[in-house]
Each structure stands twice: as C-alpha cells, then as structure tokens.
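Note that the protein sequences, when read in sequence, are chains U and S. First residue of the first sequence: 1, per this note's numbering; consecutive thereafter. First residue of the second sequence: 1001, per this note's numbering; consecutive thereafter.
Think of the hints as simulated: they come from the structure by calculation, not from any bench. Fair warning: this is a prediction, and the values are worked out from it, not measured in the lab. Hints may be right or wrong, so weigh each one.
[What the hints assert, rightly or not] Straight-line Cα separation of at most 30 Å, DSS-like style, residue types lysine-lysine; simulated pairs:
#1 U:305 <-> S:1286
#2 S:1286 <-> S:1305
#3 U:305 <-> S:1170
#4 S:1254 <-> S:1305
#5 S:1131 <-> S:1110
#6 U:202 <-> S:1277
#7 U:202 <-> S:1131
#8 S:1133 <-> S:1110
#9 S:1256 <-> S:1286
#10 S:1131 <-> S:1114
#11 U:305 <-> S:1305
#12 S:1256 <-> S:1170
#13 U:305 <-> S:1256
#14 S:1256 <-> U:202
[Said to hold, decoys possible] Chain S is nowhere near these chain U residues, computed Cβ spacing over 12 Å in every case:
#15 85
#16 208
#17 215
The beta-carbon is built from N, C-alpha and C at its ideal position, and this holds for glycine as well.
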Amino acid sequence: MSDTAHTAHASAGASPARRRPLNLAYLGLLPSWLIMGFALLLPILIVAAVSVSTRGAYGGFEWGFDLTGYSQILFNEGWEGEMEFTPQYLIIILRTIVLAALTTLLCLVLAVPVSYFIAQQSSSRKALLVYLVTLPFWMSLILRVYAWMIILGKDGPLPRFLEVFGAPSGLSLMYNDGATLAAMVYTYIPLMVLPVFASIEKLDGTLIEAAHDLYGNRWVTLRRVILPLTAPGIISGAILVFVPALGAVLEPILMGGGKQMMMGSLIQLQFGGGRNWPFGSAIAVMLLVFVMIVLIILALRAARKEAAA
Amino acid sequence: MSQQNAVEVIDVSKNFGVFQALRSVSFDIQENEFFTMLGPSGCGKTTLLRMMAGFETPDTGSLRLQDRDIVDIPPHKRRVNTVFQSYALFPHMSLEQNVAFGLENLGWDKARIKARVGEMLERVHMDQFAKRKPAQLSGGQRQRVALARALAPEPQVLLLDEPLSALDLKLRQAMRDELRSLQRDTGITFVFVTHDQEEALDMSDRIAVLGSGEVQQIGTPSQIYEEPVNRFVADFVGETNFFDVDVLEANDNKAKVRTPFGQVIEIPAPVDVSRGKATLSIRPEKLNLGDQVQGIDFTAEVRHKHYLGGYTHYVLDAGGTEIRASRRNASREGDTISVGSQVHVGFVQNSARVLAS
Ligand SMILES: Nc1ncnc2c1ncn2[C@@H]1O[C@H](COP(=O)(O)OP(=O)(O)O)[C@@H](O)[C@H]1O
Ligand SMILES: [Mg+2]
C-alpha cells in the first residue's frame, strides 16, 4: 500500500495515465499515425480514387466513377465502342513479373554462397564484408546504372574482354532484357544478402557437420538442412527484392533502352506523355493488389511453418 | 585370424597457428572396443575425434579406418557416426526424421528405413515420441535420440564427444550403463571422449590418457590407475601423494629407493626411471592407518579429518610433508583417530610406484 502511494506521489503527473491509460497511449502514437495516414494511406487512396475517375480531356482527370482505366488493361475500345481484347499491356505485366521473379531467383542463387562465405569469416572480417555489401547504397542509383551502361556498352570493358574470346568487335551488350536483368540483380542483391546472411549466421554449424556425418553430401545438406533452417531469411530477402523489382523504372529504361516496356515505366508514361491518369492509377492499384496477395501467401506459409516447428 | 584394428592413428600432429594441439599421436583402437580418450580440457581430444569423423585433417601423419587410409575421404563417405556434445539434432525434423536422415542418405529402401527407425527409437525408449520435434524433449531424451540417430546406420565406429557432460548427475550415471550395454549389444566400436576420470574408468575397455597434445599412457582402466607411467597420469587419474625420493638402483621395472622416512625399499617403476631423483606415488586408499598398518611404517600427525560415512579422508603431516590418506570404515570403531594425534601410517611395497620426475 505504502509502495503504491509512494509511486503515485513520485509521478503525480502520470497518474491520470494510470486511470485511463488507453487515451494517452494513443495520443503518444499520434505522430506515427499521422505519418502513416498522410505518407502511406492517403496517396494510396488518392491513386485508388483516380483509378476509377474519368480521363481529363487535356490530361489529368475528373472525379467520377468510371472503370475505363481498368478495362483498358485488357481491352481496347474500337471505333464503334466495341471492346477488343488487346494483350499488349498484359504482356508488359507478365514480362515485368517474369523479370522481377528472375531477378529474385538470381539474387538468391548468388546471395546464398556469398552469405555463407561471409558467415564463415572472423567477426572483424564479417563486419567489413557486410559493410562492403551495403556500400553501393551510398551512391545514387542512377550513377550506378550509368556505370553499368559503360561496362556493357559499345567498347566497354566487358565487350572488349569478350573480343579476346572471338566476339565481333564493336559489340554492345546494352539495350536488351539481359542488360536490364544484370542491372536489376546488381541493384537489389544487397537486399537479399543481408537477411540471408543474418539467418545463415544464426545457423548452428554443428548441424551442418551432423548432416555430413550422417552421409549427406553438399547438395543434401544444402537442401535438407541449410535451406529449411534459413527459410525465414530467404523469404524476407525474396520479398525485399521482388517487390521493388516489380516497380523498377530506371533499369528497364536505361539498360533495356525502353524498347520493351515494363510496368513501372508504363505507369510513369501514363502520368507523363500518355496523359491517362486513370489508366496509370489502375495499373498501379493492380500491382499493389498483386504484391499484397503474394505477401499474404508468403506470410501464411511462414506462419504455418512456425506453428509446425 | 588376426584381429583387425578399427582405427589406427599414426603419428598424427596438428597445429592451430603456432599452437601445437597434437604432437605425433599414435595408437590403435580394436574392433568392438569401448575406447576412451581421457584428458584435461584443451588437450586435443575433440580435435582427434573430429579427425576420425573427417572435420579436421592432420598436418602430418595419417588415420586408417579398418585398414583404409581415410585422411582424404570426406565425412559423408566415412562409415563413422558422431554423437555431438550439443546433440546437434535437426530442429525442423521430427525424431523419426532425424533418425531416418542417415539411412536415407545411404539409399536404404523405405520399408527398411521405417523398420530400423522404429527399432532404434524403441531401443533408446523414445518410440512413443517419434513424431515430436527435438525442442519438445528434455536433455536426456535428446541425448538418447542423438544416440539412436548415430547408431541407426550401423557405423564401423561410433564417436562420442563428452556426451554425458550436459546431463545432471543422476542421469549421467544411468546413461553410463545405457551406453555400455548399447556398445555390448551392437558390437560397434565406441570411441568416447571425456575429461571425467571416473566415467573413463567405469566404462572403458581401454583408455588413452592425453595431456598437452600427447598420448601419456594407453591401457586398461586398472593399468591406468594402478600402474601410471608418469606423474601426469598418476595425478590426473584419481588422487595420489607424491614424495621426492632417491633412486639407488633401477632395472626390470623395479627400483630401489630411499623414502623420505628413511627406509630403503624396492618397488615397481616404469622403464624410464633411472638412478637419481624420482617421485614416489602412493594413492590415499593404499595408505593404511592405526591398527590397519602393515608394510612400510612411519608416523604422522593428523591435521584434518573428513568423515564421509563409508570412508574417512585424513590430511596428515609427516615431517613437513602433507599426505592424504583414506580409510574405509569397515567397523564401527573405524573413526577413532582424532585430529592432532600421532598416527602410524603404512603401505605395502608393491602398492607404491616410482615415477620419473
Ligand atoms: N579451430 C581451432 N582453431 C584454433 N585453435 C583450436 C581450434 N580447435 C581447437 N583449438 C585449440 O586446440 C586445443 C585442443 O582443443 P580440443 O581438441 O577441442 O581440446 P579438448 O577437446 O581436449 O578440450 C585447445 O587449446 C583449443 O583452443
Ligand atoms: Mg572437447
């Protein structure tokens, strides 16, 4: 009793909080609610609203309810108002998903051995290597992509190197999906390495030895012990790479030459030269929904794994 | 037919940086043997065991497994299994899956694996937990699953690295019997690592005592205890008293010495003892006191006394030398020696031993 009195006395100012703790607690969270509301939710709501509005005569949009933006993803309105199926945007969407998935896969394949290598180093070397992995983030993305344009471009180091092995002179490796993929993998791989490294480092080394001891070769050990135990890190890494890769704009435009459009640049175009805000917003909303579905599926799987363990 | 060796360690040395962990270690382990590597922490036991498993390679020397050089054979191709000190059970697999893991990698067919897994889990009394995950088990249960998992593939040699050290005292005692009977039933060669001398004496057919990266002595438990070849072994295995003595004559594993108490006696000695200064070792229980005295006889003052029921330990002072003696309380009058009194101390000649200093 005296204990309580003492506490109340010492922090008299906080005593209303004890009677009605909920109100004050929520008030304390206000800044974060405001940030979430204005910076995250509001833009999404605006984009969603624009996606169901009418296209303005001179660009922009007029408020209203109109699903043309969505129907345009699959159908083209003919001269007499008839709807023709046009796969061109669908192809762009699928290409984007395939490219993002390939980026994720390549990042994973490269990140696992890299993380494994880093995890085996002494702790000071580890810190240095992790720092080096994050180093590219210190420079603007656009500069780094330009660097790749130089590396792969005509008379760049890589084509020159290939000439030694009989490639035709004046070769350029730029402006194709391969170049886009290379730059995307390069851009996003740190996002894969960091979580994968974190989970490999946590892995108990004697489990790997136990797997070898029980006649498991490298492949068996990787598949049945290392991968299942590092799955949480791999899933995080995959999400961190796949989601931004879906919306990538710079790499497809600069590296792919913009010939083959990707979803990111398609959306950008609708707000710029295309002057079709509702259509651009509709694609953006679709992308968002797709990402959310993927994330929910992954989260459910992770939860089920957790429950099973 | 000559007995084949299960493992041969031939002149193995290993350095970690400038630190010499093993110095030209050699010994043979026989088939069906319970072989123990005993030594203080840091003497190289784990390193040696890991070499047998294939996780370390010797800098020089070689290892043979059933007459085959194994230094260049990777761990997953050696018919050797390990019971890890931390058990190293796969946390994402059930007990069943853990035990089946090695068998699957060996390419056994499904029915045979199922039967073997059931048999092994039953053998270690864990069959009712087959579907559980390791996290749901106690330490002792994990230990038994680790054993089942390592024994299931019928390895040529089973390696155990201080498997009992993480268990509490009572469980440790029970697991000693369990391990010993598993070894007898399966006939598999066990190579057991421990720093606990009592464990080693209790369970082993033969013991290799390791100290500072070298083999100090190899022998049966009673050879190690009764006939230690040097101070290190006498000191590390069991308790003992050391006295400085002068060797007057040495030959044929016997030495004539003058004891600090004046007598000249002839007692057993290893071959490396020669004339000059040496150490006499005599274990506390070999010293008899008061009415039990026989053999060599001297007097000492009783400094401390520890009454332990079945035994009493005495700390004595014989002319400035501290001596430890223990006396079995064979009758109710056993405990009549009092602190501060003078007592007769004696020992029979062949229960003492002379060691090179
Ligand atoms: N990988 C290693 N790197 C450096 N030193 C090591 C390594 N492994 C073991 N050592 C050292 O070698 C010595 C023997 O180790 P170990 O075989 O584990 O001893 P034990 O099992 O007898 O306690 C120890 O001093 C240990 O510090
Ligand atoms: Mg050890």
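Are all C-beta atoms of chain S more than 12 Å from that of residue 85 of chain U?
Its Cβ never comes within 12 Å of chain S, the nearest being 47 Å, so this holds.
Pairwise hint evaluation, residue 1131 of chain S against residue 202 of chain U, where the allowed Cα distance is 30 Å at most
Measuring from Cα to Cα gives roughly 25 Å; hence the hint holds.
Assertion that residue 208 of chain U lies outside the chain S interface [Cβ separation over 12 Å]
violated (9 Å)
Would you mind confirming whether the straight-line C-alpha gap from residue 305 of chain U to residue 1256 of chain S stays at or under 30 Å?
The given pair, whose Cα atoms are some 74 Å apart, is violated under the 30 Å limit.
Within 30 Å, alpha carbon to alpha carbon, are residue 1256 of chain S and residue 1286 of chain S?
holds (19 Å)
Pairwise hint evaluation, residue 1277 of chain S against residue 202 of chain U, where the allowed Cα distance is 30 Å at most:
Distance of about 56 Å is beyond 30 Å: violated.
Verify this label for me: residue 215 of chain U is non-interface relative to chain S, using a Cβ-Cβ cutoff of 12 Å.
Violated: least Cβ distance 4 Å, not greater than 12 Å.
Taking only the CA atoms, is the gap from residue 305 of chain U to residue 1305 of chain S under or equal to 30 Å?
violated (61 Å)
Mind checking the alpha carbons of residue 1256 of chain S and residue 202 of chain U for me, to see if they're no more than 30 Å apart?
violated (62 Å)
Between residue 1131 of chain S and residue 1110 of chain S, is the straight-line Cα distance small enough, at 30 Å or below?
holds (17 Å)
30 Å Cα cutoff - pair residue 1131 of chain S, residue 1114 of chain S
Answer holds: residue 1131 of chain S to residue 1114 of chain S is near 13 Å, not above 30 Å.
Pair hint residue 1286 of chain S and residue 1305 of chain S, alpha-carbon separation not exceeding 30 Å
holds (17 Å)
The structure does not agree with the numbered hints 1, 3, 4, 6, 11, 12, 13, 14, 16, 17 stated previously, though it agrees with the rest.
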